[in-house]
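S.K.: Here is what each chain is made of, one letter per residue.
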Amino acid sequence: MLQLPSLETLNMGAALPAISIAAWACILLLIDLWIPKDRKILTVYLAAGNLVFAFIANLLVFNQSGDSFMGMYVADQFSGVMNLIIIGTALLSIVLSFDYLKRVGIERGEYYVLVLFVTAGAMFMAAANDLILIFVALELLSIPLYVLSAFRAPDIRSEEAGMKYFLLGAFASAFLVFGGAMVYGATGTTNLNEIAASAGMIIASNSSTSLFLLLGAALLLVGLGFKVAAVPFHEWTPDVYEGAPTPVTAFMSVAAKLGGFGSLLRILVVGMSAVTMTAGEPAVWQNVVAILAGLTMIVGNIVALSQANIKRMLAYSSIANAGYILMAVAAAGSPGLANEATRGALVYMLAYMFTNMGAFAVVIAVERANGGADLEHFVGLGKARPMLAIMMVVFMMSLTGIPLTGGFIGKALVFATTLNAGLVWLAIIGVLTSVVSAYYYVRVIVNMFLRDAEASTEEATPGYSTGVQWVAAVALGGTVLLGVLPTLITVLTDRVSLVASITP
Amino acid sequence: MSPLQEFAPIAVLLIIAVLVAIIISIISRLFGPYKPTSRKVSPYESGMKPIGSASRRYSIRFYLVAVLFILFDIEVVFFLPWAVVFRDMGLYALAAMGVFTLVLTIGLIYEWKVGALEWE
Amino acid sequence: MLEITPNTIAFLVFALLSVGGALGVVVSTNLIHGALFLIVSLFGGAGLFVLLAAPFMAAVQILVYIGAIAILIIFAVMLTRSMTSLSEIFNRQWWISAIVAVVMLGLLLVGAILPVWGPSGTNAMLPVSDAVGTTVDLGIALVDGNQFVLPFEVASLLLTAAMIGAIVIARDNE
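Residue numbers (our numbering), protein chains in the order written: chain A, 11 to 514; chain B, -16 to 103; chain C, 263 to 436.
Since the hints were made in silico from the structure, they are not lab data.
Nothing here was measured: the structure is a model prediction, and the numbers come from that model.
Glycine is no exception: its CB is placed at the ideal position from the N, C-alpha and C atoms.
Take these hints with a grain of salt, some might be off.
Claimed, not checked - If you want the ones that stay clear, here's a sample from chain B, every Cβ over 12 Å from chain A, calculated:
| hint | residue |
| --- | --- |
| 1 | S11 |
| 2 | R12 |
| 3 | F14 |
| 4 | P19 |
| 5 | V24 |
| 6 | S29 |
| 7 | D56 |
Stated by the list, open to error - Think about it this way: if two alpha-carbon atoms lie no more than 20 Å apart in a straight line, the pair counts; the simulated EDC-like pairs of lysine to aspartate or glutamate are:
| hint | chain 1 | residue 1 | chain 2 | residue 2 |
| --- | --- | --- | --- | --- |
| 8 | B | K96 | A | E117 |
| 9 | B | K96 | A | D48 |
| 10 | A | K47 | B | E94 |
| 11 | A | K47 | A | D109 |
To be verified - These stretches of chain A come out as covered by chain C in the derived footprint (C-beta under 8 Å, 3 or more residues):
| hint | segment |
| --- | --- |
| 12 | 29 to 42 |
| 13 | 80 to 87 |
| 14 | 118 to 124 |
| 15 | 150 to 160 |
With the hints as extra help, turn the sequences into a complete structure.
M.R.: Pasting the structure below:
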């Protein structure tokens, strides 16, 4: 007979941060109906308040690791750190959005509800320990993002972005589901712990079942590779990033990556680390992921060189950064290195979050002041708005990976773990492409300081809004603090360990 | 019991429906008077002339209604397996489905309030 | 030799509906007709699900695919102009579609012939073959806290998010 679970056994408290955001998104949807059109700032406060609540709740349950919903949702230090980064992203982008939405006349409360849905989806993805939950959470992350991309609807570029993202995203989801079905067919379970328990045996048996397991893993990799914009599944990225409203671009460049890498790390490290040809060897997916990482870094950085639009350039930069994180994922395939690599990826993602949000804040400010986000619009920024320009310099330096910025710490950790894993060629590609990337990042700096605007006649448009100012300042603080005092975050990440608990 | 036997009533229903339709039209054709004129054979559509291109464009509102219909249709699909077991699982299953329905009801209220169900 | 039982007859009928409908979708020059053929094909699929002892899948096929998605496709066709009478079946990308179709067929054949699943599977330790899921199992799995209650609730969030999205995008901006 069926055992009814009690509330204690479900242990919902551990999943409280994600659940509170999801529940509040629904409530906020209703509240927003009664908020008059000219007072949408209330919706922003309500959404931000919920995010702050979830942030604090996440800190409270940080050390209380445990399964929620019987191993469906794993609240460990990994999801704890991921949740902090995801909530931070959502907070920063909500603050960024309000002013932008008002300016382009698309001020609607649904925007913030959808952002909350994406946030909840990303958090579920990072904590999901089951292929079914991973798929549902991925859709919860993706569908609102399609809508947000097209949020500036009569604008043709925004519509195009939403359409492209939707079509290709639906395709990627299909790959993910198909892969999940293959893995289920091979192992008879969707739970990652149980997959881990039977995967090694299946590979060792060398029967046709192992073929299905590998095919399934490959398809899962394709589906998630699309979400994190890894080459060769990156084709949508530049168009979508350019067409979507800028705060949405900022949000999705980080949030979708966080969710995607959260699930990818869990699937590969928890579920598939036993998939080796001989025990003690690196997992078979290591080489595949490493090749993807190499391709992603090369293509992303080299195509970024020729971009004249900053949003497009940051899109390719985002592809390239996916490559660096993938490098850590590949390193996690070596036995004994999984935790070190995971920690490296976490620090990298945190640094990328601060840096990228900051860079997009500056882009929004420049769009507002100069009416566009082409490289030309940045000319003479050093004179017109020195504070803004200096912030941008720091963000560009962090993206390049220059010491004393968060980007450097992230890259150092990722390169170190890659070398430890013996993937020397991959680390060399990483270093070389970082050098290449310096060219286009520095070009922004050059344009801001060393070139003068031909006609700097236009009187300074009203300064950038307080929201954008705050976000840029917070991002700057985060980037520098992480670069100077990396122990602040490594204290948290050092306790992260991703291992399958074999007894479910 | 093989699945075919389980579904036999549905198959019987299908066959009867098809047969009745055919038989009725045959009977009326056999026993009714049949003197066609162009007026008589043209379809009746409330006095409007029903002939014209069928490929004129329809309002986008149809599409929104269809999309919303799909979403609630999927909700109904989730009800199916739940309905089979909820008697055994009692209050707990009711609560689980209650949360599910509540979330979708919130969506429905939003949809209603925002005017997506109005045709204007 | 093929034994003629009610099952085989039913299978042949449904398979014929399924494949014939699919063929009709591909060759009809009127998109509306194509959409209607799709319904025939989906109905055949529903019958096959019944024969495979998966009545819930059959219900989903009828309710969602025929009842909603096919209707949506017909609406989508009606929203477009000048797509109802195509003069030719082949376009420039026909060979890509052909290659994809052949590869998919090959994959499916391999999957169906390789003895992985089912009683003749090489992997006897697999717990798959003995568990024939019924609608009851599915219902329990959906709401049971030990199984899939969380994805079930998240699915409702997903549906709501999709609803908001559809309204935000399709409604006129006032």
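S.K.: Each hint needs a verdict: does it hold in this structure or not?
M.R.: Here is how each hint holds up against the structure:
{"no.": "1", "hint": "S11", "in the structure": "holds, 49 Å"}
{"no.": "2", "hint": "R12", "in the structure": "holds, 49 Å"}
{"no.": "3", "hint": "F14", "in the structure": "holds, 55 Å"}
{"no.": "4", "hint": "P19", "in the structure": "holds, 51 Å"}
{"no.": "5", "hint": "V24", "in the structure": "holds, 46 Å"}
{"no.": "6", "hint": "S29", "in the structure": "holds, 37 Å"}
{"no.": "7", "hint": "D56", "in the structure": "holds, 17 Å"}
{"no.": "8", "hint": "B:K96 to A:E117", "in the structure": "holds, 18 Å"}
{"no.": "9", "hint": "B:K96 to A:D48", "in the structure": "holds, 18 Å"}
{"no.": "10", "hint": "A:K47 to B:E94", "in the structure": "holds, 17 Å"}
{"no.": "11", "hint": "A:K47 to A:D109", "in the structure": "holds, 14 Å"}
{"no.": "12", "hint": "29 to 42", "in the structure": "holds (count 4)"}
{"no.": "13", "hint": "80 to 87", "in the structure": "holds (count 3)"}
{"no.": "14", "hint": "118 to 124", "in the structure": "holds (count 4)"}
{"no.": "15", "hint": "150 to 160", "in the structure": "holds (count 6)"}
In this structure, none of the earlier numbered hints is contradicted; all agree with it.
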